[in-house]
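Trainee: These are the residues of each chain, in order.
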Amino acid sequence: MNNLRLRFSQNTGLWLGVALFVALYVFYSTLHPKGWSVDLLVQNSNESFALIMVSMAQTVPVITGGIDLSVGPMMTMVNCLASVLVSGSPLAIVLGILACLAAGALAGFVNGCIVVFGRIQPIIVTLATGAIYIGISLFLRPSPGGKIDDNLSWVATNALAEMDSTFHWFAGGAPTWFSHGPGRLPVPIVLIVLIVLLVWIPFRNTVTGRGCYAVGSAEGAAYMSGLRIGRSKIAAYTIGGLFAAFGGVYLALQTGSGNADIPQAGAYTLNSIAAVVVGGTSLFGGNGGAVGSVFGALVLRAISFCFRVVDSNGPFGFLGNPLLQPIFEGVILLLAVSLGAARVFRVKNRLSLFT
Amino acid sequence: MLKSIDRPTLIASSFIVIILLAGTVYTVITQGNATFIEPAYLLQQLKIAAFLGIVAAGMMMVILLGHIDLSVAWTIAASAMLATAVGGAWAIPVGLGVGLAVGLVNGIGVAFLRVPAMIFTLGVNAVLRGLMVMLTGGFAPQADATKFMIWLATGRPLGIANSVLVWAVISAALVFMLTRTPFGRYIYAVGNREAATYLSGINTRLVLIGSFVICSMCAALAGLLIAGYSSKAFQAMGDAYLLPAIAAVVVGGTNILGGQGRYSGTIVGTILIVLLQSVLSVAQMPEAGRQVIYGLVIIVMLLVYGRGSVVRA
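Those protein sequences? They're chains A and B, same order as listed. Per the numbering used here, numbering of the first sequence is gapless, rising by one per residue and ending at 355. Per the numbering used here, numbering of the second sequence is gapless, rising by one per residue and ending at 313.
If you are wondering where the hints come from, they were derived from the structure by calculation, not from laboratory data. Be a bit skeptical, because a hint or two may be false.
Listed next, the stretches of chain A that the computed footprint assigns to chain B, with coverage defined by at least 3 CB atoms under 8 Å from CB atoms of chain B [claimed, not checked]:
| no. | region |
| --- | --- |
| 1 | 107–120 |
| 2 | 269–281 |
So these bits of chain A aren't anywhere near chain B, every CB distance computed over 12 Å [claimed, not checked]:
| no. | residue |
| --- | --- |
| 3 | Thr12 |
| 4 | Val22 |
| 5 | Val84 |
| 6 | Leu101 |
| 7 | Pro144 |
| 8 | Val193 |
| 9 | Ile195 |
| 10 | Ile201 |
| 11 | Asn205 |
| 12 | Gln254 |
| 13 | Phe305 |
| 14 | Val310 |
Don't be surprised by glycine CBs; every beta carbon is placed ideally from N, CA and C.
Isolated chain A (complex conformation) (with noise of 0.2 Å):
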């Protein structure tokens, strides 16, 4: 019991992340006309995937108290990059697939390496090589365009039981148990399990893992424990590039071409910030998780969805107003990053405020 409270209190900001999304979720689900229906979650679920991945990509670096202000230029880069390669034989999408995502690993890897062995400020090496890595995706697609593959394109895109009806695991059909049971989740969600539960939670229980924890806690104190805080950074730094892989190689099979949109890439990047912190992390390091980062890109999603069902005749018709949309959603995005300031009226010396 004193266990579960303990594991609660540590955890405060994700649970209100959680909190916020499901009331976001449930109001607008009940007011929407297709609500609670396959449809609809499969469309929306779409909508958040790249957005999520990003911003779990960017959760790792700030735990260990960096950031990675090349989040949404990588996601770009490697976006291009399956545009090229996943086509062809399933022999061939499936290599691509691989490259892509090694090729985003690699990327977090270079800017791990500079950040460590180069001993410069994160927010400057991920500043330049976002640079550079737009560059990249430049030269990858000058304009947008590529061809992925169709097939791949429309199970990823969909619920699970199209992925039977496309690639026939069932022979004479699918049994009725799969096909209104787990066949009605959407793709995107059991991709976003199957990562946080294959990768982000394996990571996050090793040493390493735990060093990133460590590292943005106390680097000094980290270093003296014998933790090799140099790896944890490389490994976050890394970790967080393959994440962004994820949410391009998606955002490719979801649009079906590769596209260079540098403004495109630096709003997934601040969104991702803005997620990070609704979903419960400091941006001071050290505390937080991915988990609470999908929850707050949940959030930030969620809240875009509200005003979409918005009686335009009722009473708060004004909210579905396409023209003040960016201000509510600025409003409450501000609201949202401010609730930290709670412990400033707490604190009953002003010099524990200065961290």
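For chain A, the structure is supplied; the task is to place chain B on it using the hints.
Mentor: What follows is chain B alone, placed relative to chain A:
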């Protein structure tokens, strides 16, 4: 003399000379002229550099504190849009008023609410963008820049473009403030150790708010000049200035963690970035190559003189 110029400024200045020489060699071979060292070209570049220079000057005040201001992008746009919309004699005061208001909000958020500047100014940026979309309907405003704004950005009664003179005046004022007034000392002090500054009896909140106001007002002024230069305000006109401004400050030798850096470095950093982009585009380098070289230059410059210390306890 050499002692009064610090190492980053010196290295960045030599790099500017190298860029110009390499560019000249290229044009002499391919076009048979030496465009890059003609005074007309250099003055033209200085005129363009003034916009980035003013944004970077304000940004430097905030970076010296160890904070950052990501809201300059839409502060530039908001100031320009409101100024052109109001027009007449009130255009300039309204534009600067936008800067004052944004700076106060940022400063209060960082100084009193203690929200990390990076995320708070990001939120303010989103709100400003929303306000401008609301006011303009998402299109470029129809109104033109006033005659005075155009004159301020492009007029040249003294032989040099006015925007360069505005940059020079701002620079002189900031150098005086940083080196000759208590407020300037407080900025460096807060950047080094805020708690110690607070314990020395200095109102650190006022220092934070003051610096953020300077930063936003510089951005607003740059917005007025850019609107005057292109004789219109348009959506997202400030987006191209945010990251280069941070890069200019850092390439100029200012420590991104605050407390360290000279104003001369920021000027040199600005000129370096503007010249680099200009020379590469004249040399018909495709956008992809320009981005890669831009990133590499920042990293290499910082590897030479911007390295931190090794963490040992």
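Trainee: Is the nearest CB of chain B more than 12 Å from the CB of Ile201/A?
Mentor: holds, 26 Å
Trainee: Quick one: see if chain B covers the region 107–120 of chain A, three-plus residues with Cβ-Cβ under 8 Å.
Mentor: Coverage by chain B holds for the region 107–120 of chain A (4 residues, Cβ < 8 Å).
Trainee: Against chain B, does Pro144/A hold up as non-interface, every C-beta pair farther apart than 12 Å?
Mentor: Holds: least Cβ distance 14 Å, greater than 12 Å.
Trainee: Are all C-beta atoms of chain B more than 12 Å from that of Thr12/A?
Mentor: Check passes; 17 Å lies beyond 12 Å.
Trainee: Looking at Val84/A again, its CB stays over 12 Å from all of chain B?
Mentor: holds, 14 Å
Trainee: Does the claim that Val193/A lies outside the interface with chain B hold up, using a Cβ gap greater than 12 Å?
Mentor: holds, 28 Å
Trainee: In terms of Cβ atoms, is chain B entirely out of 12 Å range of Val22/A?
Mentor: The claim stands: Val22/A keeps its Cβ more than 12 Å from every Cβ of chain B (closest is about 23 Å).
Trainee: Using C-beta distances, would you say chain B covers the region 269–281 of chain A, given that this needs three or more residues below 8 Å?
Mentor: With 4 residues close enough to chain B, the hint holds.
Trainee: Does the no-contact call for Leu101/A survive, Cβ to all of chain B over 12 Å?
Mentor: For Leu101/A, whose nearest Cβ neighbour in chain B is about 22 Å away, the distance exceeds 12 Å, so it holds.
Trainee: Could you check that no beta carbon of chain B comes within 12 Å of the beta carbon of Ile195/A?
Mentor: It holds; Ile195/A is separated from chain B by about 25 Å at its closest Cβ, greater than 12 Å.
Trainee: Verify this label for me: Phe305/A is non-interface relative to chain B, using a Cβ-Cβ cutoff of 12 Å.
Mentor: holds, 17 Å
Trainee: Take a quick look at Asn205/A and tell me if its Cβ sits farther than 12 Å from every Cβ on chain B, holds or violated.
Mentor: holds, 24 Å
In this structure, every one of the numbered hints holds.
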